[in-house]
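Protein chains: 2
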Amino acid sequence: MIDYRRLRVALLGAGAVGSQVAALLLKHGDELADRAGAGLELAGIAVRDVDAPRATDLPRELFTTDAETLIVGSDIVIELMGGIEPARSYLLLALRSGADVVTANKALLATHGPELFDAADQVGAQVYYEAAAAGAIPIIRPLRDSLAGDRVNRIMGIVNGTTNYILDRMDTEGADFGDVLAQAQALGYAEADPTADVDGYDAAQKAAILASLAFHTTVPLEAVYREGIRDVDAGIIESARRAGYVVKLLAVCERMNGATGESISVRVYPALIDRGHPLASVHGANNAVFVEAEAAGSLMFYGAGAGGVQTASAVLGDLVSAARRHVAGGVGVGESTYANLPVVEIGRVTTRYQITLEVDDQTGVLATIAGILSEGNVSIATVEQTPTMPPIADASTSPAAGQGTGRARLVIGTHKAVERDLSETVERLAASDVVERVVSVLRVEAD
Amino acid sequence: MIDYRRLRVALLGAGAVGSQVAALLLKHGDELADRAGAGLELAGIAVRDVDAPRATDLPRELFTTDAETLIVGSDIVIELMGGIEPARSYLLLALRSGADVVTANKALLATHGPELFDAADQVGAQVYYEAAAAGAIPIIRPLRDSLAGDRVNRIMGIVNGTTNYILDRMDTEGADFGDVLAQAQALGYAEADPTADVDGYDAAQKAAILASLAFHTTVPLEAVYREGIRDVDAGIIESARRAGYVVKLLAVCERMNGATGESISVRVYPALIDRGHPLASVHGANNAVFVEAEAAGSLMFYGAGAGGVQTASAVLGDLVSAARRHVAGGVGVGESTYANLPVVEIGRVTTRYQITLEVDDQTGVLATIAGILSEGNVSIATVEQTPTMPPIADASTSPAAGQGTGRARLVIGTHKAVERDLSETVERLAASDVVERVVSVLRVEAD
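Taken in sequence, the protein lines are chains A and B. Everything in the first sequence is counted per this note's numbering, starting at 44 for the first residue and increasing by one. Everything in the second sequence is counted per this note's numbering, starting at 44 for the first residue and increasing by one.
Don't read these hints as lab results, they were simulated from the structure. None of the values given here were measured: they were computed from a predicted structure. Take the hints with a grain of salt, since some may be wrong.
[Stated by the list, open to error] Taking lysine to aspartate or glutamate and the EDC-like style, the derived pairs with C-alpha atoms no more than 20 Å apart in a straight line are:
{"id": "1", "chain 1": "A", "residue 1": "LYS459", "chain 2": "A", "residue 2": "GLU427"}
{"id": "2", "chain 1": "B", "residue 1": "LYS459", "chain 2": "A", "residue 2": "GLU335"}
{"id": "3", "chain 1": "A", "residue 1": "LYS459", "chain 2": "B", "residue 2": "GLU305"}
{"id": "4", "chain 1": "A", "residue 1": "LYS70", "chain 2": "A", "residue 2": "ASP109"}
{"id": "5", "chain 1": "A", "residue 1": "LYS459", "chain 2": "A", "residue 2": "GLU470"}
{"id": "6", "chain 1": "B", "residue 1": "LYS459", "chain 2": "B", "residue 2": "GLU418"}
{"id": "7", "chain 1": "B", "residue 1": "LYS70", "chain 2": "A", "residue 2": "GLU337"}
{"id": "8", "chain 1": "A", "residue 1": "LYS459", "chain 2": "B", "residue 2": "ASP317"}
{"id": "9", "chain 1": "B", "residue 1": "LYS459", "chain 2": "A", "residue 2": "GLU305"}
{"id": "10", "chain 1": "B", "residue 1": "LYS459", "chain 2": "A", "residue 2": "ASP317"}
{"id": "11", "chain 1": "B", "residue 1": "LYS70", "chain 2": "B", "residue 2": "ASP46"}
{"id": "12", "chain 1": "B", "residue 1": "LYS70", "chain 2": "B", "residue 2": "ASP100"}
{"id": "13", "chain 1": "B", "residue 1": "LYS70", "chain 2": "B", "residue 2": "GLU104"}
{"id": "14", "chain 1": "A", "residue 1": "LYS70", "chain 2": "A", "residue 2": "ASP46"}
{"id": "15", "chain 1": "A", "residue 1": "LYS459", "chain 2": "B", "residue 2": "GLU335"}
{"id": "16", "chain 1": "A", "residue 1": "LYS70", "chain 2": "B", "residue 2": "GLU305"}
{"id": "17", "chain 1": "B", "residue 1": "LYS459", "chain 2": "B", "residue 2": "GLU388"}
{"id": "18", "chain 1": "B", "residue 1": "LYS70", "chain 2": "B", "residue 2": "GLU84"}
{"id": "19", "chain 1": "B", "residue 1": "LYS459", "chain 2": "B", "residue 2": "GLU427"}
{"id": "20", "chain 1": "B", "residue 1": "LYS459", "chain 2": "B", "residue 2": "GLU470"}
{"id": "21", "chain 1": "A", "residue 1": "LYS70", "chain 2": "A", "residue 2": "ASP100"}
{"id": "22", "chain 1": "B", "residue 1": "LYS70", "chain 2": "A", "residue 2": "GLU305"}
{"id": "23", "chain 1": "A", "residue 1": "LYS70", "chain 2": "B", "residue 2": "GLU337"}
{"id": "24", "chain 1": "A", "residue 1": "LYS459", "chain 2": "A", "residue 2": "GLU418"}
{"id": "25", "chain 1": "A", "residue 1": "LYS70", "chain 2": "A", "residue 2": "GLU84"}
{"id": "26", "chain 1": "A", "residue 1": "LYS459", "chain 2": "A", "residue 2": "GLU388"}
[Unchecked claim] Covered by chain B, per the in silico footprint, the following chain A stretches (three or more residues, Cβ under 8 Å):
{"id": "27", "stretch": "64-77"}
{"id": "28", "stretch": "119-133"}
{"id": "29", "stretch": "193-205"}
{"id": "30", "stretch": "251-258"}
{"id": "31", "stretch": "283-296"}
{"id": "32", "stretch": "380-386"}
{"id": "33", "stretch": "473-485"}
For glycine and all other residues, C-beta sits at the position ideal for the given N, C-alpha and C.
Excised from the complex, chain A in its bound form (with noise of 0.2 Å):
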């Protein structure tokens, strides 16, 4: 094991987001600091109330009351308690002593950004948020670098999981507002309190966020216009519906050319979507941010919105960057292949097939290739037997010379199989006397 330089991490919160980041960082620690080049030591976890019980299992000597102290003694600091105050004062310490931060706090960055990337600049050190926009989503960095050398035009996100949820419910099951989200909350995917999220604020936050990065401007939040979806109502969905429509909660930031020259626009409300769009497949509490660049065109990004362990990777993600940047500036640690892996030749691999074949329309034809396939270690999911169709060539010569001559076409579904496996019974089905012809095999992906 390579003998890195140890770099101090707190971490502030111990909520469902911040047990999550400790666990990862406690199990995957190694791997992590082959990534960083740097190892990455959990100084500690500032909470109110070190007795409070936890969703996951941490020693309890990693929890101390005493932020201040934690902070000022680390390089690192993760930022997961929420809210405008301590957060703010707490960053702020932690930028002022030269530590680099890790947020996910989205009220904080739409209302106090400015400040904290102020703050940052002074002293060289560098604020990471990409939890804060789209929970798991990487978003910032495509915004923040991989689109610089473009002009961003229009950014249409759904960003908010509980809105989403509720109106994916409404438009399949043509459920009522209140219903689903007395559902929604009973199955812990809305708060008690769902003021945040179907009244828009969540999704106003981070629409700041993202506006500001996208068109490099201020964007307070007062400035983002909001309407949440509680007027949502079952015949406004219906009637979009019967219109091509989708209803879905969308934050909206847009470049608009006046007269008077740029301006731009950000807003947050429910808003129909043509059912062709890759915003309406965006089903249950998934996010995703549609970006219109000018000269990239339109680009995607999809995934979980929230959740504690998808906001988790996005926090270690940042953790690993800050230390990265601490280490090497940032180079070359990205592409280092420490884990070399061995790469293994296509027979190894496992999947699932389908199997096209022509046979002979004969009583036990089934039961052979059945048999051929179980010595082979392949197992059927599926079989259908499709109307026999003549070979295309017969066809030109002879249009009725497939039919009646007793043949069938089967489809042959399997299970996982491995690719050596499953070769070499195509071989043998191919060989046998009941199989006219193999017409494919083909492997199943992404079911």
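We have chain A already, so just place chain B on it with the hints.
Relative to the frame of chain A, chain B by itself:
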């Protein structure tokens, strides 16, 4: 204007992507300087023939055939020549002379990536290659940085636009491979020699790059299993459709756990995808990369996979990133708010609307309503009269209350209108004698 430190940028190659990069760099130079915190001076464009015809109009004095001299005098070198040599030698020369390099050359990275990364590490330089994996889709930074704290288990990518275009046309039109390929060639979607695309070589190069990054493992191009789409005929597509699948050329990079530890598989082939999967909705020449990670769950990145100007967006994003690192170690500049565009209030926003009204079902009502809309500067795109429905409250007391009362429901789709005009118009509609009730007013986005 701020007097930035100026960085010398060398461009190698002036083909479809190179000429767009040069044109955009000259056009948006000031804006890119603000984002980078450094002036970006196009020092020259190295080509084989200075007088060859180009897609865009560029000053002749920029062109040179002396690539070496141009490279050695530059801070950042952008390589868009393609092919292995002399691209490889030029990039090694650039790195050894301390320049950062930007490249879209997937063939070179898939075969000589480790050599380039090592050369960069030795001098503390950086290789940027966002444009090499999926055109304008930001996938390198998400894999390298955003997911650096997570474990990627699987990547499934539609990473070749030509083959996706061909398979999509075959799927929607029932056409055969040869016919669609000929059409694609006529339209410029496929090359005269389509081997690199249809036989999966291009996708295999991208798969090697993605797998190397995702699994921190050197993946030689020879280790990528590869099948193309030449054998996919109309019958296969049709039979896939009947089974609820669509055929896509898929690049699969997969982590495998076996008795002897972890390994990976990297493979490219036409595969069946369930029509409900997000990858099934990727149409035309678009690309998408679906990533499954341990903590983040499922993510998808979608956009244009190729095209000169789209790829130029990714190249310029890399250029700005490289420039930021030169001047400030990449700190802070991404959040700069130099643009400070005004944020307009909602009243000045223009969008399309759907207005649903309950009206008296009398002669002349539509004329009255159309008159109110027209006076309010709201132009009608569509009007639909839907079957009259009683209000739900009425229905519970008297099921027939709404029927035969001479009421109808009008759904009006508008052209783009100014929000303030629209809301004033809706107020006047609500006050009109012929309107019983304004049922809903919804904005239409993303159509």
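We went through each hint and held it up to the structure:
1. Distance hint between LYS459(A) and GLU427(A) is fulfilled; the C-alpha atoms sit about 18 Å from each other, no more than 20 Å.
2. Of the supplied pair hints, the one linking LYS459(B) and GLU335(A) holds, its CA atoms being roughly 19 Å apart against a limit of 20 Å.
3. Restraint check for LYS459(A) and GLU305(B): satisfied, since their Cα atoms lie roughly 19 Å apart, inside the 20 Å limit.
4. The straight-line distance between the Cα atoms of LYS70(A) and ASP109(A) is roughly 25 Å, outside the 20 Å bound, and the hint therefore fails.
5. A threshold of 20 Å between alpha carbons decides the hint, and for LYS459(A) with GLU470(A) the separation of about 18 Å falls inside it, so the pair holds.
6. A threshold of 20 Å between alpha carbons decides the hint, and for LYS459(B) with GLU418(B) the separation of about 15 Å falls inside it, so the pair holds.
7. Only pairs whose Cα atoms come within 20 Å are accepted, and LYS70(B) paired with GLU337(A) is accepted, the gap being roughly 13 Å.
8. Simply put, LYS459(A) and ASP317(B) have alpha-carbon atoms about 16 Å apart, close enough for the 20 Å limit, and the pair holds.
9. With a C-alpha separation of about 19 Å, the suggested pairing of LYS459(B) with GLU305(A) holds against the 20 Å cut-off.
10. In summary, the hint linking LYS459(B) to ASP317(A) is supported, as the alpha carbons are separated by about 16 Å, within the 20 Å threshold.
11. A threshold of 20 Å between alpha carbons decides the hint, and for LYS70(B) with ASP46(B) the separation of about 18 Å falls inside it, so the pair holds.
12. A threshold of 20 Å between alpha carbons decides the hint, and for LYS70(B) with ASP100(B) the separation of about 12 Å falls inside it, so the pair holds.
13. Taking the CA atoms of LYS70(B) and GLU104(B), the gap is near 17 Å; set against the 20 Å cutoff, the hint holds.
14. Straight-line distance between C-alpha atoms of LYS70(A) and ASP46(A) comes to about 18 Å, which keeps the hinted pair within the 20 Å bound.
15. Taken as a hint, the LYS459(A) and GLU335(B) pair is honoured in the structure, with Cα atoms around 19 Å apart against an allowance of 20 Å.
16. Between LYS70(A) and GLU305(B) the alpha-carbon distance is near 17 Å, which keeps this suggested pair within the 20 Å criterion.
17. Between the alpha carbons of LYS459(B) and GLU388(B) the distance comes to roughly 17 Å, so the proposed pair stays at or under 20 Å and holds.
18. In summary, the hint linking LYS70(B) to GLU84(B) is supported, as the alpha carbons are separated by about 12 Å, within the 20 Å threshold.
19. At most 20 Å may separate the alpha-carbon atoms for a hinted pair to count; LYS459(B) and GLU427(B) meet this at roughly 18 Å.
20. Restraint check for LYS459(B) and GLU470(B): satisfied, since their Cα atoms lie roughly 18 Å apart, inside the 20 Å limit.
21. A C-alpha spacing of about 12 Å is found between LYS70(A) and ASP100(A), which places the hinted pair at or below 20 Å, so the restraint holds.
22. In summary, the hint linking LYS70(B) to GLU305(A) is supported, as the alpha carbons are separated by about 17 Å, within the 20 Å threshold.
23. A hinted pair counts as satisfied when its Cα atoms are at most 20 Å apart, and LYS70(A) with GLU337(B) qualifies at roughly 13 Å.
24. For the given pair, LYS459(A) sits about 15 Å from GLU418(A) by alpha-carbon distance, which is consistent with the 20 Å threshold.
25. Proposed proximity of LYS70(A) and GLU84(A) is supported: the alpha carbons are some 12 Å apart, at most 20 Å.
26. With a C-alpha separation of about 17 Å, the suggested pair LYS459(A) and GLU388(A) falls inside the 20 Å cut-off, and the hint holds.
27. By the rule of at least three residues with a Cβ nearer than 8 Å to a Cβ of chain B, the coverage given for the stretch 64-77 of chain A holds, with 5 such residues.
28. Restraint check on the stretch 119-133 of chain A versus chain B: 0 residues with Cβ-Cβ distances below 8 Å, three needed, restraint violated.
29. Coverage of the stretch 193-205 of chain A by chain B holds in this model, with 3 residues showing a Cβ closer than 8 Å to a Cβ of that chain against a need of three.
30. Figure legend: the stretch 251-258 of chain A, annotated as covered by chain B; annotation consistent (4 residues with Cβ-Cβ distances under 8 Å, at least 3 required).
31. Counting residues of the stretch 283-296 of chain A whose beta-carbon sits less than 8 Å from any beta-carbon of chain B gives 7, enough to reach three: the coverage restraint holds.
32. A stretch counts as covered by a chain when three or more of its residues have a beta carbon under 8 Å from one of that chain; for the stretch 380-386 of chain A and chain B the count is 7, and the coverage holds.
33. Look at the stretch 473-485 of chain A against chain B: 3 of its residues bring a Cβ nearer than 8 Å to a Cβ of that chain, three or more, so the hint holds.
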